[in-house]
Each structure stands twice: as structure tokens, then as C-alpha cells.
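Chains as they are written, first to last, in the working numbering: chain A, 635 to 776; chain B, 3 to 314.
A few of these clues could be false.
Straight-line distance between alpha carbons at most 25 Å, and here's what the computed DSS-like set of lysine-lysine pairs gives [what the hints assert, rightly or not]: (1) A:724 to B:48; (2) A:751 to A:724; (3) A:751 to A:642; (4) A:642 to A:692; (5) B:6 to B:48; (6) B:211 to A:724.
Simulated DEER-style distance windows between Cβ atoms [said to hold, decoys possible]: (7) A:660 to B:180: 45 to 53 Å; (8) B:16 to A:637: 33 to 41 Å; (9) A:639 to B:249: 46 to 54 Å; (10) B:42 to A:763: 47 to 55 Å; (11) B:293 to A:764: 18 to 26 Å; (12) A:762 to B:243: 48 to 56 Å; (13) B:49 to A:637: 38 to 46 Å; (14) B:249 to A:711: 27 to 35 Å; (15) B:114 to A:755: 38 to 46 Å; (16) A:755 to B:136: 46 to 54 Å; (17) B:111 to A:766: 20 to 28 Å; (18) A:711 to B:213: 27 to 35 Å.
Listing some non-contacts, in silico: residues in chain A with all C-beta distances to chain B over 10 Å [as the list claims (entries may be wrong)]: (19) 664; (20) 673; (21) 682.
It should be emphasised that the hints constitute simulated quantities derived from the structure, not laboratory data. Glycine included, each C-beta is placed from N, C-alpha and C at the ideal position.
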Amino acid sequence: MPEAFEPKIVAFFCNWCTYLAADLAGTSRIKYAPNARVVRVMCSGRVDPQFVMDAFAKGADGVLIGGCHPGDCHYQEGNYKALRRVELLKRLLRQMGVEEERFRLEWISAAEGERVKIVIDDMVEKLRALGPRVPARRQEVA
Amino acid sequence: MKPKVAFYWCASCGGCEEAVVDLDEEILNVVNAVDIVFWPVALDFKRRDVEAMPDGSILASFINGAIRNSEQREMAETLRAKSQVVVAFGSCAQLGGIPGLANLFDAKEILQEVYGDGVRPQMVHRENGHSLSLPEFFDTVLALDRVIGVDYYLPGCPPTPKIIAGALHALLGADLPPKGAVLAPDHALCEQCPRKDTRPEKLVLKEFKRPHQMIADQQTCLLAQGLACLGPGTRAGCEALCPQGNMPCTGCFGPTSRVRDFGAKALSAIASVIDGNTEAEIARALDAVPDPAGTFYRYSLPSSLLGRRRMG
Ligand code: SF4
Ligand code: SF4
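This is chain A alone, in the form it adopts within the complex (with noise of 0.2 Å):
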């Protein structure tokens, strides 16, 4: 039998809520998939979109953004300029041929440390279902 496919994500989770959350999760000790490398952040607005492109480069099965819900955002509208841009920037993924389940903005708060096992589980195993992703960089010719 072949070993199980893990996919690896790279998790941007802000400073005030869903990193705080994910904390949460493991003092709780809630058991989620170990498949997420979580990078703290400020706050998911300062996820540039070329974090995302620079994880997809060097060969992440998934991107997950992680940050406080609407109205709650300690910078006040740091979560919108996220959730802008990932709007944008799923339309642009999409055409770069790299499926939806790939990337996903989710709103998690300091409490939610549930939610966070939630999300995490859910998206190792749509990720494992889609298989692994081969970066396109490794697919050029010359």
C-alpha cells in the first residue's frame, strides 16, 4: 500500500484571533492534522498575494488565510482588505489552473479554537483528495 498523500499547508493566521485560536486548540489539546505550517501575521490584511504565490511556487498543496470576523479586525478593516483581495485573487488562481479547495480565507475568532480543527481537517482532506500539486516552475521545459 502506498503511504497516505499528506498535503502541506501553508496557514498565514492573524495575531489577534485566529493565531490566538489556533493557540487555543492546543491547550485544549484538540487533535487537528498536522498538515498546516502556521506563519503568524499582524493581520490577514498583511498577507501580500505574493505570500500565496511564493507558497504555491515552492510547492504548497493549500493556502489558508486565517483572520478575525468582519467587524472585528483589530486594525478595523485589515480583514476586508483581505477578503478583497482573495476575491481577486481566486479569480486569478483559477486561471493559473490551481482548483479552488486550494485556497481559502476563513474567519476565525480567539475563541473558536474548535473552528480551527474544523477547517484544518476539512481542507487536508479535500487537498488529499485532489492529490498532490505539482509546482508549474517544474514543468517548464527549457
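Starting from the known structure of chain A, arrange chain B with the ligands on it as the hints suggest.
For chain B with the ligands alone, kept in the frame of chain A given last:
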């Protein structure tokens, strides 16, 4: 002895060659100052003439166009060996350019689109013991620096006469710019735009418009009028040619040195002016950007972080 220079084209439209001719009287100064040893578009030299030159004997080769087949790669490699300095001339050589949009497809899809189920070009043709072969057509269009070392970059589709003249002076002068330099100012185009004072500090738009849907005011910032002008994310140097012609910048001068992926950054700049906090409001604003890849990577898909659409 005058320094030797060469001009060559790869996957390009001919506009960059035209740009050299557009130097007007300046071209005469260039011709007086240098010895043009290879320029297939204008002068009758053959590939074997270049191959016969000693390595490093050409001061500078100006190569325009992207690399999309094996012949172009071979010529680029030959010119690299013969030249002290290689300049990527124009958007296609620098970033992949318009031909680079072919990276949204692969060779098979493109051949199918062009030839359908009709007669296909034969890769090798034999006749009376002789054989002729066509170059290999790549799946992926590449910027010049993906196949050879590049010393300098001249941005633009095509580079403007001022940018070209500036580069020639820099290369013929005593102080060479640092290797790897893009020979154009390292700040955003807006700073050169005559409309810049009308660009609001904080700009929000409920919707974008496409240029054919409106007659833009001649003075006001085009982005403020709802056109997706890429000036805020594009390198200066052209002196805002398109806004001066009442058209939004489409980004041909590429990124400044602080940006790795032009399209991702330009996308970010456009997304940031959307006035909308829900998916539905944002989607409405984005109706006038129906082709994000073609809009943001119009000149730079091959040099983007992803480089191409996933194949297969
Ligand atoms: S018209 Fe375009 S280049 Fe000119 S100031 Fe506005 S955004 Fe910048
Ligand atoms: S305005 Fe933009 S698209 Fe037009 S020439 Fe200048 S950089 Fe290129």
C-alpha cells in the same frame, strides 16, 4: 576601433526593432559611436557570421523578445558567449511579455487552436539526402534570464527612445551601472504622471469601468475615474505615455526593485480601492476585470512566481 554591438529578436512583435529606428537623429550618433555587427532585421548578417566571432568580442548584445523555441535559446546562448554584456531589451525579454500569456496554455493546445485537425508542420523534412528541421516549440515561454545570464534590463513595450538613449550612454560611458540593473527610474509611474495631483489620498470605487465603456476626462487620475490604471504598481520611465493618451497604464515597464511578482502586487493595488465589504459587493466591483491574468500579468506571466498555468 569602435565597440561592436548586436541586435537580435526572439519571440517578439517587431516593435522593439522599430523603437531602435525611432531614435531618429540619435540613431546616427549611435551608428557613429559603434560598429553594428549583427542585426538581422535591418542588415544582412547570417548566424554563421556570429558563430565565427571570437568569444567576448561583442561589447553589447541587445536581445528583444521572449524565448519560446529551441532556435531562440540557441541564438541567445551564442550571443551570450560572444558578448561582454547582454541587455534584455523590452518587456518580452525582461519579463516574458505579451507572448508570455501563452503560458496560460501549452504547446499542444496552441497547435490545436491554430491548426485544428488540419495539416501540421512536419518537424523534419527530407529531400534528396538533405534534411531540414524546425525548432522545438516549447510548452512554456521564458524570459531571457531563464536561459542565459543577463547583465541589464531595458523595460517597456517597447522601451521609449529616451530610455534606450539613456542606456546606450550608460553602456558606452566610463561608469557602468551595477550588474542586474533595470535601466529606468526605481519608483512608481504615478510620480511621472501629469494627473498625479488629482489622485485622491484615499480612493474607493464601487465599480471599475473598461476603457471602451466611457470617455475619460483628460485631466483627472484615470484610476479615480474607475479605470484599472496600473500606474501605482508600475515602474516609471515612460513618462506616463498611456495616461497622456487618455488610456490607463497596463504595466509594460514592470515592477520596481522591491516587488518580486508584478501581477500579484498590481492585483493588490487594484483590490485595495474596491469599496465593498461583502463577497457580493466585491464581485460587482470586479465585473469590469473579467480577465485578471491577462490584466495583471499582461507583460510578466513567465517571470511571475508561478510562471505558467498548471499543465495537464
Ligand atoms: S492616471 Fe494612472 S498613472 Fe496617472 S496618477 Fe492616476 S493611477 Fe497614477
Ligand atoms: S503608461 Fe504603462 S503601459 Fe503605457 S508605456 Fe507607460 S508603463 Fe507602459
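Evaluation of the provided hints:
{"no.": "1", "hint": "A:724 to B:48", "result": "violated, 48 Å"}
{"no.": "2", "hint": "A:751 to A:724", "result": "holds, 23 Å"}
{"no.": "3", "hint": "A:751 to A:642", "result": "holds, 16 Å"}
{"no.": "4", "hint": "A:642 to A:692", "result": "holds, 11 Å"}
{"no.": "5", "hint": "B:6 to B:48", "result": "holds, 16 Å"}
{"no.": "6", "hint": "B:211 to A:724", "result": "holds, 20 Å"}
{"no.": "7", "hint": "A:660 to B:180: 45 to 53 Å", "result": "holds, 48 Å"}
{"no.": "8", "hint": "B:16 to A:637: 33 to 41 Å", "result": "violated, 54 Å"}
{"no.": "9", "hint": "A:639 to B:249: 46 to 54 Å", "result": "holds, 48 Å"}
{"no.": "10", "hint": "B:42 to A:763: 47 to 55 Å", "result": "holds, 52 Å"}
{"no.": "11", "hint": "B:293 to A:764: 18 to 26 Å", "result": "holds, 25 Å"}
{"no.": "12", "hint": "A:762 to B:243: 48 to 56 Å", "result": "holds, 50 Å"}
{"no.": "13", "hint": "B:49 to A:637: 38 to 46 Å", "result": "violated, 52 Å"}
{"no.": "14", "hint": "B:249 to A:711: 27 to 35 Å", "result": "holds, 31 Å"}
{"no.": "15", "hint": "B:114 to A:755: 38 to 46 Å", "result": "holds, 41 Å"}
{"no.": "16", "hint": "A:755 to B:136: 46 to 54 Å", "result": "holds, 52 Å"}
{"no.": "17", "hint": "B:111 to A:766: 20 to 28 Å", "result": "holds, 23 Å"}
{"no.": "18", "hint": "A:711 to B:213: 27 to 35 Å", "result": "holds, 30 Å"}
{"no.": "19", "hint": "664", "result": "holds, 29 Å"}
{"no.": "20", "hint": "673", "result": "holds, 16 Å"}
{"no.": "21", "hint": "682", "result": "violated, 6 Å"}
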